[in-house]
Each structure stands twice: as structure tokens, then as C-alpha cells.
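Colleague: Read off the chains here:
Number of protein chains: 2
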Amino acid sequence: MADSEALPSLAGDPVAVEALLRAVFGVVVDEAIQKGTSASQKVCEWKEPEELKQLLDLELRSQGESQEQILERCRAVIRYSVKTGHPRFFNQLFSGLDPHALAGRIITESLNTSQYTYEIAPVFVLMEEEVLRKLRALVGWSSGDGIFCPGGSISNMYAVNLARYQRYPDCKQRGLRTLPPLALFTSKECHYSIQKGAAFLGLGTDSVRVVKADERGKMVPEDLERQIGMAEAEGAVPFLVSATSGTTVLGAFDPLEAIADVCQRHGLWLHVDAAWGGSVLLSQTHRHLLDGIQRADSVAWNPHKLLAAGLQCSALLLQDTSNLLKRCHGSQASYLFQQDKFYDVALDTGDKVVQCGRRVDCLKLWLMWKAQGDQGLERRIDQAFALARYLVEEIKKREGLELVMEPEFVNVCFWFVPPSLRGKQDSPDYHERLSKVAPMLKERMVKEGSMMIGYQPHGTRGNFFRVVVANPALTCADMDFLLNELERLGQDL
Amino acid sequence: MADSEALPSLAGDPVAVEALLRAVFGVVVDEAIQKGTSASQKVCEWKEPEELKQLLDLELRSQGESQEQILERCRAVIRYSVKTGHPRFFNQLFSGLDPHALAGRIITESLNTSQYTYEIAPVFVLMEEEVLRKLRALVGWSSGDGIFCPGGSISNMYAVNLARYQRYPDCKQRGLRTLPPLALFTSKECHYSIQKGAAFLGLGTDSVRVVKADERGKMVPEDLERQIGMAEAEGAVPFLVSATSGTTVLGAFDPLEAIADVCQRHGLWLHVDAAWGGSVLLSQTHRHLLDGIQRADSVAWNPHKLLAAGLQCSALLLQDTSNLLKRCHGSQASYLFQQDKFYDVALDTGDKVVQCGRRVDCLKLWLMWKAQGDQGLERRIDQAFALARYLVEEIKKREGLELVMEPEFVNVCFWFVPPSLRGKQDSPDYHERLSKVAPMLKERMVKEGSMMIGYQPHGTRGNFFRVVVANPALTCADMDFLLNELERLGQDL
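Residue numbers (our numbering), protein chains in the order written: chain X, 1 to 493; chain L, 1 to 493.
No lab work stands behind these hints, which were simulated from the structure alone. Small disclaimer: the values here were computed from a predicted structure and weren't measured. Every residue, glycine too, gets a C-beta built ideally from N, C-alpha and C. Just to be clear, a hint being listed does not mean it is correct.
[To be verified] Distance ranges between label pairs, derived from CB positions:
(1) L/Arg-79 with X/Lys-53: 42 to 48 Å
(2) L/Gly-267 with X/Glu-232: 36 to 42 Å
(3) X/Tyr-430 with L/Phe-342: 21 to 27 Å
(4) X/Asp-30 with L/Glu-72: 25 to 31 Å
(5) X/Arg-22 with L/Gly-267: 53 to 59 Å
(6) X/Glu-72 with L/Glu-72: 33 to 39 Å
(7) L/Asp-13 with X/Leu-403: 31 to 37 Å
(8) L/Pro-419 with X/Asp-170: 47 to 53 Å
(9) L/Arg-79 with X/Glu-18: 15 to 21 Å
(10) L/Thr-321 with X/Asp-429: 38 to 44 Å
[To be verified] Derived SDA-like pairs (lysine to any residue); straight-line CA-CA distance at most 20 Å:
(11) X/Lys-397 with X/Gln-491
(12) L/Lys-35 with X/Asp-13
(13) L/Lys-396 with L/Phe-385
(14) L/Lys-212 with L/Glu-234
(15) X/Lys-341 with L/Gly-449
(16) X/Lys-53 with X/Ala-76
(17) X/Lys-53 with X/Tyr-80
(18) X/Lys-341 with L/Pro-439
(19) L/Lys-35 with X/Leu-20
(20) L/Lys-341 with X/Glu-48
With these hints in hand, go ahead and build the complete structure from the sequences.
Modeller: Printed below as a string of C-alpha cells:
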């Protein structure tokens, strides 16, 4: 027999619900937003995993806990988490905290709906369409299609799946077995999701032909042409080229016009992975880096990166107007996409995707854009370029810092050469010893909590730092701090 | 030249940031949380798409807007959105607003990190591991692996990809072309994501063999055995069975013990899609519905559904202890998963997935669980079953309501037979006319905003309502309201 009363969770008690949420929100404002973005606070509070487990008391038990205990847990979660909105978080291709985007995210969470039908997401179905239209207009398309995906990797996979479906519609039903071997092309600097996607989609990583990149990290169109010829000679069918606008490490932009020419000659689908660099389209000054993108068939663009919209916000944009997305992915589930609804069922966009439930990812971007306008966002992009340039010039002025190359984007890659290695470039173990410097400094900065910068080896180059200048709150002072702090941390090496 | 000051967005002004966020939070509490969960308010405020576009003024323009305008936009977005936390939202397999889960989601958004490395998600890497351990323990496994995915469809895809990789590890590199035709088996009542997944993964929908379900919607193990034999006779290689615990429409539980016996005999991977029904494992009274689940190789379970953790929260659980996830999906990106880090890089779980950036989906579930304990969550499940039973008994008492079948779960499926059709079961157009009733009533309830219930045709049955009893705030009074409201809305039909 059912109780006649709601459960004694807070759900039945609006006053208690409001009190809890106001208390949690107070903790969020103080700890995550104010302290979390303040240069005078740590960017992270490092703990060894075993110690952190003890501090967090993660175990889920039979009995529930009091509100005071829950609030203490909220404080601990924030305390020991990395502050990605902090001005000294240079570690990933996202950084910073945009308050309007965060407001959009909080509203999204409070409404907790799925993007699949107009019925349960009327505002967001229309809003997604408008945001995608705006992004397409920046690419240079007056019509087309698109969808928000759970991250750039899945956006890239969608592009590959759409390209093969367009060429071989039968593969949706019959699979890849009956097809000739397929080949897709991308440069050695591409994001690793292309390889992961090829495996997941059943093509296999062998289907990915790796095209040469020049010393700047840009795809070499002549080698693309050569690779296409080689694949054909081996009996494979080329079907897609994935160019990159803003590579992960070097921030390189592939030459899209020349690549589009090759695609056109060979009848190949051109996908542009602009997950990182797409936001540059907002800048009149810098958008030439993506010249030719309007010739693409598909574009992946992640506003959660340079625009700081918040994870996740990844758009797949298509030039297609033939409903390819829905034809490729649709399965007409009759319990969800009923055709006898009282409104235009073309508004039920859920059958365009391979997910069923799908998060609302458009509101945070829309609200931020409404607050900033194109102009505000453009200024943000231009500022990031300018600060990256400032950092480069400062690096050149200082002893013990060596640029990997002149950047064309906001990835600034360089070695910190510690005092003991300066002037020893000719010593046989120089490169081996230099390669150990970045990991050591990384450990020091994280354990002090003063800043976070990523490092990596790259090709034949040993470990170097990659500073990502993305946080919209950055100033020249943060750039100066970064270099001073590296010198301080590495002075005894 | 870079400005020496941060941009004049709010990001540089902590006082203004706090004021904005407090104002937005006030709107969220009043409009989305208080009104949005109050039975005295509408569950939705229906607008035709063209009118809604006008009301929302969605266009993104060159100029940014004032804070007052932004706040007005926040109010409008909430006003015209469907309130999925409302006690009269019975429309999907999720409903209700758990305040602790929402608190976890707000913290998640304020910290805005990605789940891939311990370096930038120390708390959440450990927390995800603990939550997955707890879910596995409820399945009956003392060891294993797992990961949170962007929804149940992708969790199901992962299972299929892992099963084929385990059998043919070469396919990661060489693709499906070199393999024999593969066959996977699921019942006709399964979720449509199995078909979508087969297409996306390159297997093709033909590889999905549809097994019969009995009149209750449960897979027939004898037909599974027969289908396996048929597939083999046709030269295909069976590799996976996907059973369902809690089907989408009828809420049926496949007989897992008998299916596991078949899988064992044929050496097939057993996946259980328990996206909907998995949460029943928390109930000592009802968990027998999933007897045999401990024999599965993989389980998909979405706590965002019956546990109201918030979209998205979908776990893929594995019995495997051989690091299959990482071997199958890993690509060892050297810029992210450096092997010379100063901590145990086994904590960098990001290479287990086909995504790169991945949202934090564990905190909302963990915080809710800490607040409720196993006991509170168990009581919630038992309450949902009890209220569904109450609703069924009330349906039986009333004229003009006809159960599709006795439910075994919290999906209550029935026809509303309007006055003009009562006693006309033998008339030749009865079923055709009855099938038009649910869409008509749906339109009326949505336009009045009084409640939302899904309907669908099913096999040879015409449209019937499916009430999902999931919202933890429901009481018997809400069940009574639902039936009274249907009678009111349909009295003239």
C-alpha cells in the first residue's frame, strides 16, 4: 500500500529545499566562484590519492547524512578540486569562468530536460536551431544543418559516419562488410579522436591515412594528394579528409583552401575539426586563419574551449540541406517520435542523433552571447591573441626560455632551460636532461598550487610546456607571473 | 598590443559576478524550483513555435545586452520551458527534482572540469571509481570496471564495441571488413538505441536479430536459442545478447537467468540494458526482477531516470578485470596521458572512453546518495512501485479506463475510453477511433498545462497512455488527480 504522503526527502518540503539550495549556492559563490577565480588563492590543492580518499570519505552507506554533513561535503569537494576558472590555469584548451554561461548552466540543470522533442524542450529546440544558424553564418553558410554533440570527439565521429553514409547509404543497414576498404585522411597533428572514431565506427585505425605536416604543424596538401593516390592504388576508396583548424599542441591551422581543392578534385567529403580554432571565426582580424572553411561539408566547433561556454558545448555543423543527419541516424522510435502529434514533428530533432536523451547544451552559449554580443566575444578572441603575442615577446627577452616556434594561435610552446643546462646545447645528454625539466616543474607548481601548465613531447622534440592563453580574465600581469614563477620554481635545476 | 586590464566582461569584477549570479539564482529558485515543482502551477505553458520564437527573441546580435535584459531572458526561458520536476510530469522515464542531486549539478557546473585525468579532476576520478564500485556491488560484483557515458544509448554502444573487440581484437586496427558477419540478439521490445548503435558501429542494422517477446514484453529464451541457430546456419557469428531490464513502453524485465544460460551455452557476451530498471536493484522487495544480472558481462544503468539524479547520468558497468575498456578504446595521446607524470597514471581514466573531454556525472549521484543513504533510495523505489500499484487499482475501479496489462514495474499503460466509445468494443471502427483519443487528450492537457503523459502505439495495439510513476515527490493525490483530469478532459469525446 502506498503512503499517502510524499517521501520524507526534501522533495516534499519546499522551504527546506530552498534553504538547502541557498546554503549550497552560498558555498559555491564563496569557494568556487570568488576564491576559485582569485589570483591570490591556489589553483589547486594537491593531495596524494590515498590521502584524498581519506579526506573525502567517499563510501556510500546505508544511512543518509544530515544537512550540515552534506554542506561540509560540498565544501570539501570544491576545496580539493582544480579551479579551472582560475587565472593561473593554463593546462587545457579551456579556462576561465564566464558568469553568464554559468548562469545558463545553472538554469539548464534546474530545468533538467532532454533535447529530443519540442514537446518537452520547446525553448531549447528553437534555441539550438538559432545558435546553430549563427555558428553556420560565421562559417559562411546561409543554410545547412547541425546538432550539439557530447564533445568534439563525437562530433568528429558524426562527420565520418555521415560521409560514409552519404557515399554508401546501404551501410546503415548492411554494415561495412559489403563495402570496399575505405580510407580517410588527416594529418599527423590531428586530434587523437580521429583514430578513436575510426576504430569505434568499425573502420579500423588502418583506414586512417596519416598525411605529413610541415614544420609549423600544418597539413601538406601535396602529401594529401599523394596519399590519396597511394590509397587508391592499394584498392581503398578515399571518402573523407579531416583538416584541423587549431591543432591540439601547436595550435596550427591547416591550409583549408588548398585542401578543399584536393577534396574537390577527388570528390571527397571535407570535414574541418575546428573544435579548438573555430571560435577565431568571430575575429575579423584573425579569421583569415580559417579561410576556405566555407568549402567544408562539415565543421566541428567547441565553444566550450576558447569561448568558455562550459563543458560540454560542441557543435557539429553541416552544409547539407537534404536531411542527411536524420536519414543517417534516424530510427523512428514510435514511442517518442509519434507522427500524430498536434504540432509540426519536424521540430522533434532527437532522431538526428545516435543518442536518445541528450543534454541541453545551447542555453549557456546563447545567454553568454546575448550578454556579450558578437562584439564582446570578438574582443575576447582578439585579447587572447594579443596576450599570447605579449607572452611570446616576453619569452624572447628572457634567458633560459626557448620558443618551440612562433605561434599563430594562442598555444605558446616553449622550453624552460634551467640554469644548469644553459649554454650546454652541444652536450650529448642535453635533450634527455631538458626533457625531464617540464615534468619536474609541473610537479612543483601543482604541489605548490601556484599554477598549472601542460607539457608534452612532440615528434622528436622532448617535453616542452604548452601555455594555453584562453581565460578571458587574463591580463599581462598573469603572463608576467607565469614566467617569473617558472624561473622561481626552476632556479635550482 | 594587449590591454593591461582584463576585458570589461564581468570576469574581471568579482562583485558584479556575484551580484549577477545571486540574481539569476533567485530567479531559478522562485521560477524553476518553487513554482516548477508546485502542483498549483502549470507543468508547461504551451506556445506555438512561431509565437514562442517571437516571445524569446532568440537572435544573436552584434551588441551585448544589459543585466536587466539578461535577467528577463532567464525568466522567459524558465517560463516557457516544461517543468520536468513537476508532480504532473509523467511523460518520460525521468521526473522530479532531487535537491541534493541539483546541488551536485550546480557544483559540477561551477567547477567545470573534465573527467580525463587525476591532474585536473582529482576528486572526481576517485569519486567516479567509488560510485561505480557501489553500482557494481548492487549488481553483485565484487570487482570489475566501468565508466559514465553520455546517456544509455552510448553505454549500450560501448557494450557492443567491447564484445566485438574481446572476440576480435584485430578489428580495432583492421576494421570489420576482414571479419565474418556478426550477429547480435535483442528482443523486439528493446530500446531503439541497439539498432542505432549497430548502424553507427558499422555492423549495420541487419546484424541485429530480433527475438520474440511474450505478451508481457519479455524476451522468449527459446526463440533466442532458435535465432542463434538460424544466424549460425546463415554463416553469421553470434557474439552478443542484449537483454532489457525495464523496457521503455511496458516496463518489462527479460528473464535474465534463462538468457544467461543460453549465452553460456553459446559463449556469447551478455549485456543487460538496465538503463530504466537498474535502480530496482536498490529494493530488497523488487530486485528479484533482475535475478541473474550478476551473470552479465556488462550492464547499462541510468541513475538519471528512476533515481532522478539529473540528465545525464548513465553508467556502463563491466565484470571485466583485464582492462578491456582501456585496451579497446585507448590511443595513448601523449599530450594528455603523459607516462612521466609524478603520480600513478592509472588514475588517468580518460583513455577508457571514445570521448576526449568528458563531463563529470558522478557528483550529483554521489551527493544525493550521501544524503539519502541506500535506505532512502530504497524507500523511494518501493514508494514508486506502491504508487504505481495504487494507480492500477484505481484504474480498475473506474469506468472508461482499460489496462493494457498488469504492470510489473512503474510504467502503467492503459486506454482512456471516452463516453462515446464505451460499450462499442464490437463496432468495426472502435480501435481506429480509440487510437485517436490519446493524441487528442494529449493536446488538451498540454494546452491547458495541467499534466503531461506520453502515449504511443505498440505492436498491433493502437495509441494508449503510458504513465511513468517516477517522481519521488508523488503521492496518491497525484494519482487521483491524473485520473480525474483525464476524465475531465475527455468527457465530451
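Colleague: Now, for every hint given, state plainly whether the structure supports it.
Modeller: Hint-by-hint comparison with the structure:
1. L/Arg-79 and X/Lys-53 have their C-beta atoms about 44 Å apart, which keeps the hinted 42 to 48 Å range intact.
2. Remark: the range hint 36 to 42 Å for L/Gly-267 to X/Glu-232 is upheld by a beta-carbon distance near 40 Å.
3. Under the hint 21 to 27 Å, the C-beta atoms of X/Tyr-430 and L/Phe-342, about 23 Å apart, fit the expected range.
4. Checked against the hint of 25 to 31 Å, the pair X/Asp-30 and L/Glu-72 passes, with Cβ atoms roughly 27 Å apart.
5. Taken as a hint, the range 53 to 59 Å holds for the pair X/Arg-22 and L/Gly-267, whose Cβ atoms sit roughly 56 Å apart.
6. About 37 Å separates the C-beta atoms of X/Glu-72 and L/Glu-72, a value consistent with the hinted range of 33 to 39 Å.
7. Checked against the hint of 31 to 37 Å, the C-beta distance between L/Asp-13 and X/Leu-403 comes to roughly 34 Å, which is consistent with it.
8. Between L/Pro-419 and X/Asp-170 the beta carbon distance is about 51 Å. The supplied range of 47 to 53 Å therefore holds.
9. For the hinted restraint 15 to 21 Å between L/Arg-79 and X/Glu-18, the CB-CB distance of approximately 19 Å keeps it satisfied.
10. Between L/Thr-321 and X/Asp-429 the CB atoms are about 41 Å apart, so this pair conforms to the stated range of 38 to 44 Å.
11. For the proposed pair X/Lys-397 and X/Gln-491, the alpha carbon gap of about 17 Å is at most 20 Å, so the pair holds.
12. With a C-alpha separation of about 13 Å, the suggested pairing of L/Lys-35 with X/Asp-13 holds against the 20 Å cut-off.
13. Restraint check for L/Lys-396 and L/Phe-385: the C-alpha separation of about 17 Å stays at or below 20 Å, so the hint holds.
14. For the given pair, L/Lys-212 sits about 19 Å from L/Glu-234 by alpha-carbon distance, which is consistent with the 20 Å threshold.
15. Restraint check for X/Lys-341 and L/Gly-449: satisfied, since their Cα atoms lie roughly 16 Å apart, inside the 20 Å limit.
16. Using a Cα cut-off of 20 Å, the hinted pair X/Lys-53 and X/Ala-76 holds, with the two alpha carbons roughly 11 Å apart.
17. The hinted pair formed by X/Lys-53 and X/Tyr-80 meets the criterion: a straight-line CA distance of about 11 Å does not exceed 20 Å.
18. Using a Cα cut-off of 20 Å, the hinted pair X/Lys-341 and L/Pro-439 holds, with the two alpha carbons roughly 6 Å apart.
19. A distance of roughly 17 Å separates the Cα atoms of L/Lys-35 and X/Leu-20; the hinted pair therefore holds under the 20 Å criterion.
20. Restraint check for L/Lys-341 and X/Glu-48: satisfied, since their Cα atoms lie roughly 13 Å apart, inside the 20 Å limit.
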